Amino acid sequence: MSAAGTLTATRPRSGRAVSFLFFAIALALIVATPFLPNYYVRVINSLLIYILLGIGLNIVIGYAGLLDLGFVAFYAVGAYSYALLASPQLDLHWPFLLILLVAACLGAVTGILLGIPVLRLRGDYLAIVTLGFGEIIRIIINNMDWLTGGPKGIARLDKASILGIQVARPIDFFWLLLVTVLVAGVLVWRLERSILGKAWAAIREDQDAARGIGINTTNAKLAAFATSATIGSIAGAIFAASQRFVSPESFTLQESVLIVLMIVIGGIGNILGIVAGAAILMLLPEVLREFAEWRILFLGLLMIFLIIVRPAGIVPRSFGPDKLIRRLFGK
Amino acid sequence: MTLAFDRLRKQYGQVVAIDDVTAAFAPGLIHGVIGPNGAGKSTLINMTAGSYSVSSGSITLDGKRLDTLKKYQIANSGVARTYQNIRLFDQMTVLENLEVCFYPADAAGTWKEVMWPPYALARRESRREKCMEILRFFDLQGYADCDAGSLPYGRQRMLEIARALVPNPRVLLLDEPAAGLNHHETAELTARLAAQRLPDRITIIVEHDMDLVMSLCDNIIVMHHGKLLFQGTPAEVQASPDVQLAYLGTANDIDDIRAAAQDRRAQLGIRARRRS
Chain X
0 MSAAGTLTAT RPRSGRAVSF LFFAIALALI VATPFLPNYY VRVINSLLIY
50 ILLGIGLNIV IGYAGLLDLG FVAFYAVGAY SYALLASPQL DLHWPFLLIL
100 LVAACLGAVT GILLGIPVLR LRGDYLAIVT LGFGEIIRII INNMDWLTGG
150 PKGIARLDKA SILGIQVARP IDFFWLLLVT VLVAGVLVWR LERSILGKAW
200 AAIREDQDAA RGIGINTTNA KLAAFATSAT IGSIAGAIFA ASQRFVSPES
250 FTLQESVLIV LMIVIGGIGN ILGIVAGAAI LMLLPEVLRE FAEWRILFLG
300 LLMIFLIIVR PAGIVPRSFG PDKLIRRLFG K
Chain A
0 MTLAFDRLRK QYGQVVAIDD VTAAFAPGLI HGVIGPNGAG KSTLINMTAG
50 SYSVSSGSIT LDGKRLDTLK KYQIANSGVA RTYQNIRLFD QMTVLENLEV
100 CFYPADAAGT WKEVMWPPYA LARRESRREK CMEILRFFDL QGYADCDAGS
150 LPYGRQRMLE IARALVPNPR VLLLDEPAAG LNHHETAELT ARLAAQRLPD
200 RITIIVEHDM DLVMSLCDNI IVMHHGKLLF QGTPAEVQAS PDVQLAYLGT
250 ANDIDDIRAA AQDRRAQLGI RARRRS
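Residue numbers (numbering that gives the first Met the number 0), protein chains in the order written: chain X, 0 to 330; chain A, 0 to 275.
Derived by calculation from the structure, the hints in this document are not laboratory data. Any given hint could turn out to be false.
Lysine-lysine pairs mimicking DSS-like chemistry, simulated, CA-CA at most 27 Å apart [claimed, not checked]:
| no. | chain 1 | residue 1 | chain 2 | residue 2 |
| --- | --- | --- | --- | --- |
| 1 | A | LYS129 | X | LYS322 |
| 2 | A | LYS226 | A | LYS69 |
| 3 | A | LYS111 | X | LYS322 |
Quick look at which bits of chain X chain A covers, simulated, 3 or more residues with Cβ under 8 Å [to be verified]:
| no. | stretch |
| --- | --- |
| 4 | 190-202 |
| 5 | 207-220 |
Negatives, chain X to chain A, calculated, CB over 12 Å [as the list claims (entries may be wrong)]:
| no. | residue |
| --- | --- |
| 6 | VAL30 |
| 7 | ALA31 |
| 8 | ASN37 |
| 9 | TYR39 |
| 10 | LEU46 |
| 11 | PRO116 |
| 12 | VAL117 |
| 13 | ILE138 |
| 14 | GLY152 |
| 15 | ASP171 |
| 16 | VAL286 |
| 17 | TRP293 |
None of the values given here were measured: they were computed from a predicted structure. Using N, Cα and C, we set each Cβ at its ideal position, and we do this for glycine too.
Produce the complete structure using the sequences and hints provided.
So, in structure tokens, the structure goes:
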């Protein structure tokens, strides 16, 4: 028993300083954002959208262990929900919050629709099918000209407003996104710690043994797909409202891969890791902007380096939000 | 009210793994299943737990068909099992490995757990309490927060049995629980299993360790080439010339059976890890 005691007791104290540093940076960034030029606010907004997408996709990849390469499909469903329900395209002008609700429901339904055929698949096979699903949604959007405007996309989307307050400037979207990310982050984190989160982990570790202890893996997996897709779809609706333009180009396979990369580099199965991964993958291209065509090369090398040095991600699974809170405020 | 096999059969193409086995297992007893390698012992366990499909015949628990149910439904009907090659949730903690067994009971309250922190706290606390009690019974409480995959082999065996006991199962199926354990650990296991002999529980042990089987089991089934060869008390089994013939090819004494079992244990000693 003593061996087990020493295993958990020894932890570097420097963790606390690092935790404080990152917490301070995040807080400073939030406080400073209203005073930054619009360009930077837009960068931070897209960072927040990617964090939101990462939180959603992480449910399927990180918690349930199902490699989904078609996540961008749900993002597209949300974006086109807003584009169709709040634009001259169909001459519909629904209120923003109602569309958000519709997008969330549609997202959940598409999530389940994708989930049902892939229930039996795992690993590489699942990745291929979901990849195909993502492409199918994009191609459908590209070809249904009469509804989606095809490759031209849909322009002149309505300005969003929430309960009479207009949400139009980048800074408005910053607050909206910040609140959404925080709410989604807390809910998903609580979901992870709930009994369903434990069941997802069991499915990830050994699906057959999970069935052996009475877990209905079908339902648990569909729940993972549905919640994940809901978050992706909400992110899409907010994205569409902030761009006021959607086109199929925003929903390519590359986007799906980018979100997966964020999760893998940041730390699979850890919300804090997603924040770190998103920050690196979104902010580095901005920092490296002057290197022009060398940018992607640098980014690629950095990824290889990070994966070699920290194979479990920048913030490993074991350092979750509860650990951070304990480091910051506890003993 | 028992667990019953009725003309149970498992066939892979032309190969018959289980050949019309009919048997009944009374509650309150520990039943041993023994037989030479390839006799179909593990297949019986796997069919009962729903891991393998049944070719023909039926499995019933208290008169209710089990073989038509899905694996998770069989588990929720009160059948718990362990595996020949340990199958824990390696990257979850020891405590979580047990807690997750409450999923069938608590799944409906998931959203309440997410939305209402006091409820979540109460549920988590009650789950934790029950699981810690089982961990203490297996002397694993000191490992509660370690990853299950990092435990020593012997402790992993114990943990897997602990996990099977969380839902307080009607039927407990143990597939070679002593494989790879040393003498001390086997004795420890024997004592713990004896303490888990409940009046309502049907325990079935597939095992090659004859000391464990003979000292623990009340009733022994001997399998040979997929058929039920012999059924009786440990004393009857030891005296049966048929059983000795099946094991050794010649009617010989029980000590040679022990030697054969020792070889088998050495083979199973090291557990292959499924992933890094």
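Hints versus structure:
1. LYS129/A / LYS322/X: It holds: about 24 Å lies between the C-alpha atoms, which stays within 27 Å.
2. LYS226/A / LYS69/A: Roughly 26 Å separates the two Cα atoms, so the pair holds.
3. LYS111/A / LYS322/X: Holds, because 23 Å separates the two Cα atoms, which is no more than 27 Å.
4. 190-202: Check passed, 9 qualifying residues.
5. 207-220: holds (count 12)
6. VAL30: 28 Å, holds
7. ALA31: For ALA31/X, whose nearest Cβ neighbour in chain A is about 32 Å away, the distance exceeds 12 Å, so it holds.
8. ASN37: 36 Å, holds
9. TYR39: 34 Å, holds
10. LEU46: LEU46/X clear of chain A: closest Cβ-Cβ about 26 Å, beyond 12 Å.
11. PRO116: Holds, because the least Cβ-Cβ distance between PRO116/X and chain A comes to about 19 Å, which exceeds 12 Å.
12. VAL117: Holds, because the least Cβ-Cβ distance between VAL117/X and chain A comes to about 18 Å, which exceeds 12 Å.
13. ILE138: 35 Å, holds
14. GLY152: Fine: 36 Å to the nearest Cβ keeps GLY152/X off the interface.
15. ASP171: 28 Å, holds
16. VAL286: Since the minimum Cβ distance to chain A is about 34 Å, VAL286/X lies beyond 12 Å and the statement holds.
17. TRP293: Since the minimum Cβ distance to chain A is about 35 Å, TRP293/X lies beyond 12 Å and the statement holds.
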